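Let's have the full structure, built from the sequences with the hints guiding it.
Letter by letter, the chains look like this.
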Amino acid sequence: MKKTYVIYNIAVVLVALLIALLIGAALFAVAGGNPITAYKVMLTEPLRGAFGVTETLVRAAPLMLVGVGVAVSFRSGILNIGGEGQILMGAVSGAFIGLSLPGLPKFLLVPLIFLAAFAGGALWGGIAGWLRAYLGVNEILSTVMLNYIAIQLYTYLLRAPLIDPQELAYGTGIPQTAQLTRNAWLERLIPGMRLHTGLIYAIIIAVLVYLLLWKTTLGYRMRVCGAEPLAARYAGMNVSRYLLLAMLLAGGLAGLAGAVELCGVHRRALEALSAGYGFSGIVVALFGGLHPLGIIPASALFGLLIVGADMMQRAVTIPAHIILAIQGLIILAVVSSALFITHRGIREKILGRFGWKEEVH
Amino acid sequence: MAEQIKLLEMKGITKRFPGVLACDSVDLELHAGEVLALLGENGAGKSSLMNILYGLYKQDSGQILINGSEVTFDSPLQAFTLGIGMVHQHFMLVPNLTVTENVALGLCHDRTFALNLGEVRRKIVDVSRKHGLAIHPDAFVWQLSVGEQQRVELVKALALGANLLIMDEPTAALTPQEADELLDLLRDMTKRECSVIFISHKLNEVRKVSDRVIVLRGGGKVYDGPTRELSDSELAGRMAGKELGQAAARAPQPLGEPVLDIVDLHARGDRGVKALNGVSFSVRKGEIFGLAGVSGNGQRELAEVVNGLRRVDSGNILLDGRDVANCSPLHIIGQGMGYIPENRIHEGTIPPFSIRENLILKDYDTDKMSVHCFLSMDKTRCFASDLISSFRIKTPDMETNCASLSGGNIQKVILAREITRNPKVLVAVYPIRGLDLGATENVHEQLLRISEAGTAVLLISEELDELLALCDRIGVIYEGRVMKVLEARKTDKQELGLLMAGVESPSEIESPSCPDERSIELEEVST
Amino acid sequence: MEWADLVSGVLAAAIPMAVPLLLVGLGEMFDQRAGMFNLGAEGIMMMGAFVAFFIDLKLQTPWLGLLAALLVGAAFGLLMGLVCVTFRSPQGIAGIGIYMLGWGLSGTLFRVYVGGPTPIQGIASLNLSSLRGVPYVGSVLAVLNPMDYAAFFLIPLSGWLLFKTAWGLKARAVGTTPRAADTLGIGVSRVRYQCVVLGGAMAGLAGAYLSVCQAKMFADNITAGRGFIAVALVYFGRWSPWGVAVGAAIFSLAVAAQRLIQFYGAKFPYELALVIPYVLVIVVLACSRNRDKSEPTALGKPYYREYRG
Chain A
1 MKKTYVIYNI
11 AVVLVALLIA
21 LLIGAALFAV
31 AGGNPITAYK
41 VMLTEPLRGA
51 FGVTETLVRA
61 APLMLVGVGV
71 AVSFRSGILN
81 IGGEGQILMG
91 AVSGAFIGLS
101 LPGLPKFLLV
111 PLIFLAAFAG
121 GALWGGIAGW
131 LRAYLGVNEI
141 LSTVMLNYIA
151 IQLYTYLLRA
161 PLIDPQELAY
171 GTGIPQTAQL
181 TRNAWLERLI
191 PGMRLHTGLI
201 YAIIIAVLVY
211 LLLWKTTLGY
221 RMRVCGAEPL
231 AARYAGMNVS
241 RYLLLAMLLA
251 GGLAGLAGAV
261 ELCGVHRRAL
271 EALSAGYGFS
281 GIVVALFGGL
291 HPLGIIPASA
301 LFGLLIVGAD
311 MMQRAVTIPA
321 HIILAIQGLI
331 ILAVVSSALF
341 ITHRGIREKI
351 LGRFGWKEEV
361 H
Chain B
1 MAEQIKLLEM
11 KGITKRFPGV
21 LACDSVDLEL
31 HAGEVLALLG
41 ENGAGKSSLM
51 NILYGLYKQD
61 SGQILINGSE
71 VTFDSPLQAF
81 TLGIGMVHQH
91 FMLVPNLTVT
101 ENVALGLCHD
111 RTFALNLGEV
121 RRKIVDVSRK
131 HGLAIHPDAF
141 VWQLSVGEQQ
151 RVELVKALAL
161 GANLLIMDEP
171 TAALTPQEAD
181 ELLDLLRDMT
191 KRECSVIFIS
201 HKLNEVRKVS
211 DRVIVLRGGG
221 KVYDGPTREL
231 SDSELAGRMA
241 GKELGQAAAR
251 APQPLGEPVL
261 DIVDLHARGD
271 RGVKALNGVS
281 FSVRKGEIFG
291 LAGVSGNGQR
301 ELAEVVNGLR
311 RVDSGNILLD
321 GRDVANCSPL
331 HIIGQGMGYI
341 PENRIHEGTI
351 PPFSIRENLI
361 LKDYDTDKMS
371 VHCFLSMDKT
381 RCFASDLISS
391 FRIKTPDMET
401 NCASLSGGNI
411 QKVILAREIT
421 RNPKVLVAVY
431 PIRGLDLGAT
441 ENVHEQLLRI
451 SEAGTAVLLI
461 SEELDELLAL
471 CDRIGVIYEG
481 RVMKVLEARK
491 TDKQELGLLM
501 AGVESPSEIE
511 SPSCPDERSI
521 ELEEVST
Chain C
1 MEWADLVSGV
11 LAAAIPMAVP
21 LLLVGLGEMF
31 DQRAGMFNLG
41 AEGIMMMGAF
51 VAFFIDLKLQ
61 TPWLGLLAAL
71 LVGAAFGLLM
81 GLVCVTFRSP
91 QGIAGIGIYM
101 LGWGLSGTLF
111 RVYVGGPTPI
121 QGIASLNLSS
131 LRGVPYVGSV
141 LAVLNPMDYA
151 AFFLIPLSGW
161 LLFKTAWGLK
171 ARAVGTTPRA
181 ADTLGIGVSR
191 VRYQCVVLGG
201 AMAGLAGAYL
211 SVCQAKMFAD
221 NITAGRGFIA
231 VALVYFGRWS
241 PWGVAVGAAI
251 FSLAVAAQRL
261 IQFYGAKFPY
271 ELALVIPYVL
281 VIVVLACSRN
291 RDKSEPTALG
301 KPYYREYRG
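Protein chains in written order, with the working numbering: chain A, 1 to 361; chain B, 1 to 527; chain C, 1 to 309.
Heads up, a few of these hints could be off.
Claimed, not checked - Distance windows between CB atoms, simulated:
1) Arg111(B) with Phe152(C): 21 to 31 angstroms
2) Glu348(A) with Gly434(B): 53 to 63 angstroms
3) Leu101(A) with Gly116(C): 35 to 45 angstroms
4) Glu70(B) with Arg305(C): 22 to 32 angstroms
5) Val146(B) with Ser125(C): 50 to 60 angstroms
6) Gly220(B) with Glu348(A): 41 to 51 angstroms
7) Phe263(C) with Gly136(A): 51 to 61 angstroms
8) Ala75(C) with Ala50(A): 54 to 64 angstroms
Calculated from the structure, these hints are not laboratory results. These numbers come from a predicted model, not from an experiment. Glycine is no exception: its CB is placed at the ideal position from the N, C-alpha and C atoms.
What follows is the structure in structure tokens.
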């Protein structure tokens, strides 16, 4: 009986995805492209060669980290929309450490950069967490505002204090930092491809977060606070503290995504460092059922969509920007589908149509 | 104004909710000027049947006839254009609107712009004069007392043209005296060509007000006839499905040491208004101490304060001699406090979590459940399966969500969790509210058992029968003060009712622990 | 510098900033009064801005653009209603979905059909020379956009609609105690749909104001968070039109004053100056948390009539 539920739930989410993609097809048509070729390119082109596959996985790593962070925050009862800002703050903190201590050996420098990135992201998430936990400020609004603030702050830091001295020397003034030393780079896994060890770290971290949330007493507390704050208080838990902790963790994980992009892909902090991963991470988390083990495959799927969208832009001249709208549709479809999963009456009706009866207890 | 309802018939009404058969082909008939009582346990289908008649729910099968012709309802709107009004158990008033606006809401459903509040106000004044219901048309609903809100509900129904009134447990939140007034009022109204359907599970009220009674059990009709033809015990038997013995008062227990001592406690409610105004009493080892009162007189705040969930302004809470006022909930739990909260579903349990995860809510951090910081699956499983079998929690398995359990089984989960911890003090707030008879008996059994094992139980309830049957002593709380502490054996409903209404009756019964005695105890403790 | 110049300078900068906030804020106020928390306003504004801009660009009829923006906004409101009223989704996340949809779609269409920064004629400011004589503010009032006056007029109109009409009464009831409204025969879903559609239309109009009246062009992400800021202002304004107006006024005056001061000397990295409105929003939110009776207590909560587990 449990098995039927699992299959039913997965089916509902997949149907939701399908509906979102169908509406998305209408958007393609409005944007003047052929939806069928567009989807065909988007979903199959990246899988045709090593380049597409590795690029998909390159995108999956930051998505996974942000998504897992979003899952931690949602499960703890706080909606973190601030991934974008947290990624940037993480990346810039990591870049600062990487540029300040270029001589350190690799086994010290990389962990230090990651630590700084985690701290930077955690600070940014923690502000929103603190505001919510102790001043009752709606976290969605505060994280959105912190995104705007982070973007400006990041641009300022890249334009003035941290700018690449070469940019100043040549007078080009592109807002980016100098390249990090080799000691700070993450190894590439396949020669000639950008796929790097960040993906492995991301998977390890996702598994660790799973263990934290579902196997430890701390995770139990966080989930209780998120699911039913009244009951958490009743059981003697300090709900505010765990809200703050969840946001620190969520922000930190997004910060790590920044570090992965910094050390693994760009090897410097630059303006377009986060390709919308903060928002895509929310979609990944929701689609992955707010569970780290669902988020790992979900991040690969959305990595595919993002790479596919880039390829589609070249093939059928629809801007890759449209993927943002598609993701918005997927969010709407997935949250709408929840009613079909949680509402017993509707579930019974649908399953009944397939000749399956729910037991009453 | 709607045509007068001379005859209402409901035929073969069936309503099914997922997993529950709420109404099982019920027939009902009502003539003008009649008061029909609808009697039944919680969950017998009374409210569902009435919500169908009121158009809030739609029946799966069956028909409704008014004056002989069939009517169908898609919404409450159609019900009240036909002259059917309902006063719900939980008042259906919008707190941040005035009384006039609340009534206007029912008159403006088909309008977009035009809103004549003056006319509505006049109508309210008319109706309240005609039926002797004093209300303030310009007051905001949140400013009114429970009794006043009830009157607003009545006026609203009448002003909307109802000549058939459905009253769903109208006396639940009233003092016995207020309830009597209401019953008289309802009788009066039938003389003005109104008919009333009166839903209750209180036999004395049903007898007082109704001509005819329909008893429902498990969604089906088990009796339909004149009220006076059956005795109280026969009616109760029909309701419960078995003959009930008269609940006997608990045998006197040897008094132990006071374990919970509450001294001159002051605290504020959610709105910053004083909710506790110098509460003092003590609960002894092995005793069940009842706290009677109309809900909203500080009971919830008291329970929260004792459990560290609300700040104390002044006063002491001595748990086994140590002051725990304003300590953290965790500390108080550690000191041996158990708590069965009023909000069973959202405070007592975490609905989306499994039974196993709910049972460990207070012990997850101990060696019994975890190894270092890791929850042990084996240990928690073992613990959960023990409790599920020893407390007879009905569930397919321990990984089932708490949300899918019945109220009685949810309460069993909470009881199991709290009682296994062997608390020194157990605070139980309205523990049987909304439970059926079997589940109620189970809760009472457990409370008696734990008190015999030496736990001091503080039972907060509004059911006087329950208190009189279970408790050793009963305190009455009114407007944040304990009016009097009485011995359960030496008091009765009449006296408790008066005290609950704030009337200090001249009574010979002396409480065994007077304030002076308590302060002496306190001094002993503090030295 | 003369005081009069300073006042009129600040006002001239503040009014175009306040008007879109006011428009979207009033719409959001109706949303929230009915219990709908629409975070998608930002995305709807972007769609409105693009549609109005595009119609003006192609047909040179800015007023038709405004109308189209209104309709597109209403359509997005309808979508929000479908997801949150019919499917009872959590409104916070659904709002983010609407935001991403609006942002993605407007950006895509702009890239496909326009490409780069293109100026449009837009709606020109009025020139009411008779107002010039008014001390301090005369020079500002005389050259306002017609839409500015329309927005000012919408404040009392919203107040009337919310507090003096049957529909407003229903909306307020539905957002506080939907079940009570339901028992009186008021269609909770219907009123909520009406409110999100109205809120969406207002957000679309606010977006159109940005492109057609203010910037006279379109750029990706033109709204820069105004939709979110408006949501915060509704909290600050305690769900009353006058409160929202005061919030929008204080907010834009503060930002305008800061810009002016910076313009006249103070050296400060401009990126950091741009941060000020967002910081201000957080401060405003932190200060406006005292609860009172006007709060729509069912805000963000889906309504189920027959719900049992």
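Hints, verified against the model:
no., hint, result
1, Arg111(B) with Phe152(C): 21 to 31 angstroms, "holds, 28 angstroms"
2, Glu348(A) with Gly434(B): 53 to 63 angstroms, "violated, 24 angstroms"
3, Leu101(A) with Gly116(C): 35 to 45 angstroms, "holds, 43 angstroms"
4, Glu70(B) with Arg305(C): 22 to 32 angstroms, "holds, 23 angstroms"
5, Val146(B) with Ser125(C): 50 to 60 angstroms, "holds, 58 angstroms"
6, Gly220(B) with Glu348(A): 41 to 51 angstroms, "violated, 23 angstroms"
7, Phe263(C) with Gly136(A): 51 to 61 angstroms, "violated, 36 angstroms"
8, Ala75(C) with Ala50(A): 54 to 64 angstroms, "violated, 43 angstroms"
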